[in-house]
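Take these sequences, add in the hints, and give me the full structure.
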Amino acid sequence: MPSFVPFSSYSFSVVVVVLLLPNPTPSLTSAFALATLTTVPGGDLDLIRRTCNSTTYFDLCVSSLQSYPNSSKADVKGLSTIVVNLGISNATSTSTYASRVAKRSRDPVLRSALGRCAGRYADARDALRSALDALSAENYDFASVDVSAAAGYADTCHSLFRLSPAPAYPAEMARREEALVRLCTIATDIISLLG
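Residues -27 to -1, 1 to 168 in mature numbering (1 follows the signal peptide of the UniProt record, and there is no 0) are what the sequence shown spells out, letter by letter.
Hints are supplied without guarantee of correctness; some may be wrong.
To be verified - Label-pair restraints from in silico Cβ distances: (1) P140 with S66: 20 to 26 Å; (2) S121 with N26: 19 to 25 Å; (3) R22 with R79: 44 to 50 Å.
Simulated from the structure, these hints should not be mistaken for lab results.
Backbone N, C-alpha and C fix where the C-beta goes; we use that ideal spot for every residue, glycine too.
Pasting the structure below:
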């Protein structure tokens, strides 16, 4: 595993070269980002901020990773694994929540929609577990596809409430969907740095 190299005049030269290229390829910029985002074994809280700087939701990324035990000792691959695990936790709890609310509902349409949502979030959980397997095998393209699929399952749940006749989309489900989609976006952003 590569070690973090302190930012030196050599590193600065590489940054300038990469940034000044007329059309740097995504693989070149990703390779450079990965090379500068590795960490020393003792840990590096700054790695979290530098990694999250490459994501769509910087603040959520930083707060999520900093709240996770031992995240300061993780490398970039480890940070992506942490975010995927947070997504699994969200998808699992949302599936359980939707199932519980569906069982309590007296509205048959709401009960049906939430029951189907529980299934979609279980599918999202399974897709994220597949992403973990792909990350472990360093198959980053498949990991990214699996994470994107998980976000799609959350959107499928929301779509069930757009059908007619349908009850209003429950606010708690909307909040949970947004959280999962954002975690999935962060995960794919970090995974893109890996390969």
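Item to check | Violations among the numbered hints, reported as their numbers in ascending order | outcome: none
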